[in-house]
Amino acid sequence: MSNVTTASTKEAKWWNGGKSPFDVEYGKVMMWYFLMSDAFTFGAFLIAYGTVRFSTNGWPNPNEVFKSYPFAGEGTNAPLVFVSIMTFILIVSSVTMVLAVHAGKMMDKKGVVRNMILTIIGGIAFLSCQAWEWNHLHHEGAWWGMNPFINADGTASSTNFTNFFFTITGFHGFHVFSGVVINIIMLIMTLTNQFEKRGHYLMIEKAGLYWHFVDLVWVFVFTCFYLL
Amino acid sequence: MSHEAVLHAHESHGHDDHGHHEHHDTFLTKYVFSQDHKMIAKQFLITGMVWAVLGGLMSVLFRLQLGYPDASFPWLESILGKWAKGGQITPEAYYALVTTHGTVLVFFVLTAGLSGTFANFLIPLQIGARDMASPFMNMLSYWFFLAASIVMMSSLFVETGPFSGGWVAYPPLSALRDASPGSKSGMDLWIISMALFVVSSLLGGLNYIATILNMRTKGMSMTRLPLTIWALFFTAVLGVLSFPVLLSGFILLIFDRNFGTSFYLSDIFVNGVGALSNEGGSAILYQHLFWFLGHPEVYIILLPAMGMVSEIMSVNSRKPIFGYMAMLGSLFAIAVLAFLVWAHHMFVTGLNPFLGSVFVLLTLLIAVPSAIKVFNWLTTLWRGNIRFTPGMLFAIGFVSLFISGGLTGIWLGNAALDIHLHDTYFVIAHFHIVMGVASMFGMFAGVYHWFPKMYGRYLNNSLGYMHFWVTLAGAYMIFWPMHYEGLAGMPRRYFDFSIWESFKQFAELNRFISTVAMIVFAAQLLFIINFFYSIFKGRKVTDPNPWKSNTLEWTTPINPGHGNWPGEIPEVHRWPYDYGKDGVDFIPQDVPVGDHESSH
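Here the protein sequences come in this chain order: A and B.
Counted the way the numbering used here counts, the first sequence spans residues 1 to 228.
Counted the way the numbering used here counts, the second sequence spans residues 1 to 600.
Don't read these hints as lab results, they were simulated from the structure.
Among the hints, erroneous ones may be present.
What the hints assert, rightly or not - SDA-like cross-link-like pairs, simulated, lysine to any residue; straight-line CA separation at most 20 angstroms: (1) K28(A) <-> P557(B); (2) K206(A) <-> L213(B); (3) K540(B) <-> M518(B); (4) K105(A) <-> H212(A); (5) K206(A) <-> F136(B); (6) K28(A) <-> L213(B); (7) K537(B) <-> P560(B); (8) K218(B) <-> E25(A); (9) K218(B) <-> V24(A); (10) K206(A) <-> L196(B); (11) K28(A) <-> F136(B); (12) K105(A) <-> I188(A); (13) K28(A) <-> V199(B); (14) K28(A) <-> L140(B).
Using the sequences plus the hints, can you model the full thing?
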């Protein structure tokens, strides 16, 4: 990296081989292919989950397992209320991400900053909710290899219920965490005018693709663990 | 975005002092932290060669045991210590050697060493780009590979030895820490190494795809791409879509090993322990996840070799490749079918026979595009003005091996036959010929052919011919007899066959195979010597286009700097296979189409 030249070359086209055959920037192509690849990762997890679940005799009723919410005390019976709030938060954060990308296209730095902050708050809120839920389940005695719940028919339940739950929601949570980190980096880059200097907010758009993908995956994870 | 500045810097520089910009680089920036795709390719190649020698040496060691099960070699104890007590390899060490040989050759040599090298080297040069889409990610891709290598290497030195449950790492051997000595920390390191490898392959693959789609020079439409690039493109797509599934499988395996889960484990009975407390898991689930990568992996290994062979054959036959679109279509068909056949590795797992028959059909369908490719290679040679360079010989050898090994694939793809042949030496013979040795031949062909572009010098031809003939004859002498052993029921993964009456008849044959294996291994040293000698002392290349080839890499200077072309990137006007057209020997891709020129 010794021969980096002055900023004046930055505007010039480094690739002089003619017009790009696809009118898409390479980073976006990479992001799409990465997301396809990541879809296969989650797909493999969910198919593994399905395989094990449908070869097991019984499975807990999600309405019985996920029925509490914070500060509600013992014996609350509010099935799926809390996870619905979590899902709502994540989807709203996708909306603010869309607004940030849109603001970026308009070269509206203020709009980008505002909406990125909202998206980051949404991501952190989702992660906090997940942390609370994990903590709550753990207090009830659930963990990898431990399953205190009973099947819908009253028999003892397979530990693979909790095994898959913690592994897959944990892997999704890790993706949300990475997304929050990426979004924070994007926010800093916006605040330091790096995208203004480049003349475009493409990076925000790519971060947005990732963020929407993580949301989309949550819809599937949510369906598999909380609804089915 | 600094690479843009770097490349641009080179450009503005290159006009006044061609190629002399390298004096800015220190040893570290040029050879270690390089973001130049050509240097990264060489890093992949040399790391791959180190692994190939080590992996080959391991096969020599376990062949020694198979060939001479009763003999004692005191020198073995001095090298391997407690793994060869009394001069004989212990069963544990034997399994560790077999496992590491498989893992290393499949992933580190024939995946990273092959597509890592040639995708990095050829993609920007042949499509007319200054570098990869993201040179930084490209550098990371090598580093992750190096990290994976170091972790795998360190697993050889842990107290309980490296993983020894076979390169496929099936549970319960891989999931239970007490299953074997190698299932302890050796397996932990194995998984960590493979996870790093998946990251490396993902970073590389995304880059190759984006570069091929987005960075082509003006006029380089998709149907003007050399077949090498098409093959590398499909390889990258296969890798990007199949490795993540393996990663998922490994994550579940890590949980089973360390966090008491039951994804792959059920209440099986373990000798000395009793029934496990796990319940509900399925070892077959792992096999599905593994082979969803495992089968495309075969094509990740084979396709780059196919692409390079197509290119080398056309150049050295002085003829256009026969059936370019058919070659392309068959690559595509193979890439699609690669994802739909994984369960043919699992016919004996209790797979539903109806489902099995679907997999038989899809597996046998692969014979169609494979046969199209073979037909087209042979018709490319047909009445060509063939130059038998070492690279060309290896390319022809590839086709020979691909036919021999491919035909036995039709046997194994039949569930009815596979139930008899599964896990025998027949399988070993099949996949070593069609995937192992054939792809090695593709790799050798590529190295001999593109060495002048890599180092600006030629490899020694005489050593090249010796290397080729010994390797070709040796490969057939090693693996051909294994078909007969397999048909007679001799199983894989056994430490010693001398105790069975029915396999005593193969003692002589096993000794023969082991002897040839050692000779072939020694012949590879010819190549290693040739390679390193020629880097420094080889005959210098004086003609920028020594093979009279049409593709763009030969329009660069003999020693291209970072950025490849000192001036403008050439514009492409034609496909890469205009050989012998209208009586002209060859017309490079950057030559404009003449007024009266016929279409190809």
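For each hint, the structure was consulted:
For the hint pairing K28(A) with P557(B), the CA-to-CA distance comes to about 32 angstroms; that exceeds 20 angstroms, so the pair is violated. Proposed proximity of K206(A) and L213(B) is supported: the alpha carbons are some 18 angstroms apart, at most 20 angstroms. For a cut-off of 20 angstroms, the pair hint linking K540(B) to M518(B) is broken: about 33 angstroms separates their Cα positions. Restraint check for K105(A) and H212(A): the C-alpha separation of about 17 angstroms stays at or below 20 angstroms, so the hint holds.
Taken as a hint, the K206(A) and F136(B) pair is honoured in the structure, with Cα atoms around 18 angstroms apart against an allowance of 20 angstroms. As the CA atoms of K28(A) and L213(B) are separated by approximately 12 angstroms, the hinted pair is consistent with the 20 angstroms bound. Note on K537(B) and P560(B): the hinted pairing holds, with a Cα-Cα distance of about 19 angstroms set against a maximum of 20 angstroms. For the hint linking K218(B) to E25(A), the alpha-carbon distance of about 16 angstroms falls within 20 angstroms, and the restraint holds.
Straight-line distance between C-alpha atoms of K218(B) and V24(A) comes to about 16 angstroms, which keeps the hinted pair within the 20 angstroms bound. Simply put, K206(A) and L196(B) have alpha-carbon atoms about 24 angstroms apart, too far for the 20 angstroms limit, and the pair is violated. As the CA atoms of K28(A) and F136(B) are separated by approximately 16 angstroms, the hinted pair is consistent with the 20 angstroms bound. Distance hint between K105(A) and I188(A) is fulfilled; the C-alpha atoms sit about 18 angstroms from each other, no more than 20 angstroms.
Annotation: proposed proximity of K28(A) to V199(B) holds, straight-line Cα distance about 19 angstroms (limit 20 angstroms). With a C-alpha separation of about 19 angstroms, the suggested pairing of K28(A) with L140(B) holds against the 20 angstroms cut-off.
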